[in-house]
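K.L.:
Listed below are the residues making up each chain.
There are 2 protein chains.
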Amino acid sequence: MRDLGVLLLFGFLGAWLAVRLGQSVIIGYIVIGAVLGPHALGVIADAALMRALAELGIVLLMFFLGVEFSLERLRRVRAAVLLIGVGELLANLSVGFLVGYALGWSLVERAFLAGIVAMSSSGVVAKLLIEWRRTANPEAEALMGIMIFEDFIAVLYLGVLAGLSGEGARASPAVVSLLKAVAFYALILGLGGKGLARLLTLALRVRSEELFALLWLALIALAGVGASLFGLAPAAGAFLLGMIAPARQSDLGERIYSRLESFRDVFLALFFLTFGTMLEGESLRRVLPLVLLIAPLSILTELVITSSLAFLAGFSGPVALAIGAGMIPRGEYALLYAAFGQQLGLIGSDLFQFTGWYVFAMTLLAPAFMKNARALYRILHRLMPRPVAFAGTLISVTLQPMTMWSVTANSRATSRARLGAARHLLLWGAFVSLFLGALAARSLTERMLLLAIGMMALAGLSRAIRRALEPIREHLDLSRLPTPRADPHSVIAYTAHVASSVPLAALLIAVGWNDLGPWMLLGIPLLALFHFGRAWAWYRAWSRPIPTAPESAASRE
Amino acid sequence: MRDLGVLLLFGFLGAWLAVRLGQSVIIGYIVIGAVLGPHALGVIADAALMRALAELGIVLLMFFLGVEFSLERLRRVRAAVLLIGVGELLANLSVGFLVGYALGWSLVERAFLAGIVAMSSSGVVAKLLIEWRRTANPEAEALMGIMIFEDFIAVLYLGVLAGLSGEGARASPAVVSLLKAVAFYALILGLGGKGLARLLTLALRVRSEELFALLWLALIALAGVGASLFGLAPAAGAFLLGMIAPARQSDLGERIYSRLESFRDVFLALFFLTFGTMLEGESLRRVLPLVLLIAPLSILTELVITSSLAFLAGFSGPVALAIGAGMIPRGEYALLYAAFGQQLGLIGSDLFQFTGWYVFAMTLLAPAFMKNARALYRILHRLMPRPVAFAGTLISVTLQPMTMWSVTANSRATSRARLGAARHLLLWGAFVSLFLGALAARSLTERMLLLAIGMMALAGLSRAIRRALEPIREHLDLSRLPTPRADPHSVIAYTAHVASSVPLAALLIAVGWNDLGPWMLLGIPLLALFHFGRAWAWYRAWSRPIPTAPESAASRE
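Chains as they are written, first to last, in our numbering: chain C, 127 to 683; chain H, 127 to 683.
Any given hint could be a false lead.
As the list claims (entries may be wrong) - So the derived list for chain H, only partly shown, Cβ under 10 Å to chain C, looks like this: (1) F136; (2) V145; (3) L147; (4) E181; (5) L208; (6) V332; (7) L343; (8) A344; (9) A349; (10) V351; (11) S354; (12) S384; (13) D391.
In short, the hints are calculated from the structure, not lab data.
The structure presented is a predicted model; accordingly, all values stated were derived computationally and were not measured.
From the three backbone atoms N, C-alpha and C, an ideal C-beta is built for every residue, glycine too.
Could you build the full structure based on these sequences and the hints that come with them?
P.N.:
Listed below in structure tokens is the structure:
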């Protein structure tokens, strides 16, 4: 009780100070934990109780994320958000995988590093936005949408990581465990969901507040235990239970919140504090190079790739950069993956220590970027080469009418478009699986088979993109382009080509990886240069005085 | 986490079933704990985490009792309630002490047994009253008043028990530790209170709900730790913090409730459950005789002595019996004392096991008595010898106008009467200390010194009683007496004699104890017989046709 009291009191002071300094509470917790922990002052010697409560904290956090989350809400998220979310995750996962590859790590460790590096902290971002009263800003809605999507993926990814423990180094463990996790989730949510939900609603009618809290804590803990029996992380089980549990808006949901929210708050604080206690000062020397390598990479990925995706999806430049900066904080998922990996003995002490310092660095730096996004934009805008800017605007003009369609407009056309978007998502998902499969496949035959399947899928994808882009022609806002005139046909074709070339390049890289290794990555700048060149050609063509080309004149009328 | 989940889920089921059967949840928790524990099914093997949380649960419970409690409220409690409370506690403590004495136990174990046997469970009673919708019944208010008083004494007693650990078997440890505890409490509440309260109010302004919960849990845990550094029980420290903390009615108090109440509920459930896990089925054979001896004694004490006191204080017969029956449940304090004693190694395993079964038996039987108090009253009424009934009515007639004065009447007379009551309380308190001192004193000289002091105090007490009774004469409701006429002078004198003879007898017993032992107790029935005889004499005198006695006629006009 002494340890608990001391840890909580200093945790409070640390968090309070962090908030005062415009930082996230997580920074305060980690610092306090590290200072009080056995590797520094040693005030907190035995952390067994704290660790148990911390574990409960992460499970409660995931339960509440599950309650907040709903497939309905995910479906309502704008296409723009999905585009940014998917792209952002792929880019960040790649950073982790590639760095792990470059360091010669095992596949399992690479997978953990990728997850740790990739998942932004929805908790930190949401709290900072509220703290700074920025929830009404244009970037806030997009950020929260991306976070909803990322929460979902983060839980799925947890399933992948859990799967890695069982199979070890057998063939394509990632694919198997991904499928296993998806199957488990689908089973629970699809079949078990309705029956379980009815049972839970019955249980919610318990009159006594005391017994109510007891029951729900028991259910959440047991959902975690159940998931770990299925080879999944406890957090994933709690998330699923949260998805089944009544939504926050209902009376019963309100009751869950009022009774259990402070358990989550306190135990989660203990999670961060305990994580801090496990950091070793000496480890910093060992992992500092890695932190200095990956943290700038992650920040660049967010500022360049995520912001670009946001711009392409139709957000204005400054807002796009604010979205990118908003994705910089790391937190609960990174720490959760690291703690999970260490618990199962899948990752070494260095990766665990790295995670602590990495989360600390990213979350510490994030507020500076988030606050100065506008100034950053001005600098970047000046530095941007004109072909690159024009290429971006070309794609943005095409995508904007598509991605920014409001959900509330429920005409037939939008519903059909949404159906199309769902089909898109499915195709992209299949593609990502193929990509992962190609990376994991050992024999050349397997890779070639996957390449063949991939090419077929790609053909479908390309056709789907063109069909999706067709009805957009009338909505194009060509006045955004700096050229006096532009041909909508060509604008759409350009975007379709770029969109199709990205998965093609990814697939080729995956297939060639085992033979050629990272050299394959050189294809990406080459591809980018090619597209920039094409954009520049269009720019010059449309800037010339009007020729007597009858088609382009007709299309402009 | 598995153990926690299982324990909470089955705890919920057990408690839910207990409530369904009209029992207290405590019954459900203890049974479930015992069944799942290592001594039965063994589902819960390692209870280290649970024990730590359980400790926190009892500390939280005491904190909330402290918040609910206020000296203001204690002062507002009616004199009737104080009379019942003091008498009830003395009687119950005596049961424990005497049984312990008869079994040849050490003073420390006797003190623990007395506390375990004496303290009723305010939690159980309050919950049953709410559950049965009896909170508006006449006995409910009195019961809650007695409980407020008992909570306060129970914490003081905890200080006494804590003091026993340090001094061991040195001279008069009970007195020393009682004084130490009182001094500590007075220090904190008197001097520290105001300054600390201001600090706490500042701390309460923390905006974030998350940090608020963190801070208060930390403060509560550290208050417990602080108290144990001072040689007191952690629970006592938390109670004091609660007394200083803002009252429930304030906004800040509301916030404390909404954030921390479910921590208390869940951790307290864990306390009862863990207590259950520590019960051994085999131990029942060893402690059953003791349970079968003490449980009926306790029930009799409540039904006879507490009910009599309630009747004497002016409650009607059936209500008085309902009050007595309502004091039967045992719970948190008994278990708290037992857990505390075991932790410090002051009590043996048998006393610990006894506590579990005793609490179980008392709490299980209580609802039956509480529900059938009216029927019980009818039986007792028929069995009561007439002299006894008349003596009771005589005292009741005298005390009723005094004890039942409403607090809301704030005339000068009542305020002076209340001042008198406070002085009374002080005198009685001094008397109890003398009584305990006389019991503990080793040498004859010490005892004689105490006797001399006691006699002087008694003289003051006797005068105080007479002076307090004087202004009552006009308010006597003589119509309640079965005799056609009565002399108010004599009625008052009778009560004053009885009231003065009780402490006199107690003091004499205490002084003679070390030499004559329990034989001194024979004085009690003798004293009772003497008083009954005197009452009977008055009855016969007042039932005769009116003589020409001029004084009694004058007083009747």
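K.L.:
Taking 10 Å as the limit, does the beta-carbon of H/V351 come near enough to a beta-carbon in chain C?
P.N.:
5 Å, holds
K.L.:
Does H/S354 hold up as a contact with chain C if the rule is Cβ-Cβ below 10 Å?
P.N.:
With a closest approach of 9 Å, the H/S354 hint holds.
K.L.:
Mind checking the CB of H/V145 against every CB in chain C and telling me if the closest is under 10 Å?
P.N.:
Constraint on H/V145 satisfied, holds at 7 Å.
K.L.:
Do the numbers back the hint for H/S384, that is, is its least Cβ distance to chain C under 10 Å?
P.N.:
With a minimum Cβ separation of about 7 Å from chain C (threshold 10 Å), the hint on H/S384 holds.
K.L.:
For the hint on H/D391, just tell me whether its beta-carbon gets within less than 10 Å of chain C.
P.N.:
Nearest chain C Cβ about 4 Å off; hint holds.
K.L.:
Against chain C, run the beta carbon of H/A344 and see if the smallest gap drops under 10 Å.
P.N.:
Holds - the Cβ of H/A344 comes within 10 Å of chain C, reaching about 3 Å at its closest.
K.L.:
Restraint: H/L343 near chain C, CB-CB cut 10 Å. Satisfied or not?
P.N.:
The hint holds - H/L343 has a Cβ within 10 Å of chain C, the shortest such distance being about 5 Å.
K.L.:
Does the nearest C-beta of chain C fall within a distance shorter than 10 Å of the C-beta of H/V332?
P.N.:
7 Å, holds
K.L.:
Under 10 Å, Cβ to Cβ, is where H/L208 needs to be relative to chain C, so tell me if that hint holds or is violated.
P.N.:
31 Å, violated
K.L.:
Does H/L147 meet its interface restraint, that is, does its C-beta lie within less than 10 Å of any C-beta in chain C?
P.N.:
Hint violated; H/L147 Cβ to chain C Cβ min 14 Å, cut 10 Å.
K.L.:
Do the numbers back the hint for H/E181, that is, is its least Cβ distance to chain C under 10 Å?
P.N.:
The hint holds - H/E181 has a Cβ within 10 Å of chain C, the shortest such distance being about 6 Å.
K.L.:
Once the shortest beta carbon distance from H/A349 to chain C is found, is it less than 10 Å?
P.N.:
Given a least distance of 8 Å, the restraint on H/A349 holds.
Violated hints, listed in ascending order, are 3, 5; each of the other numbered hints is respected by the structure.
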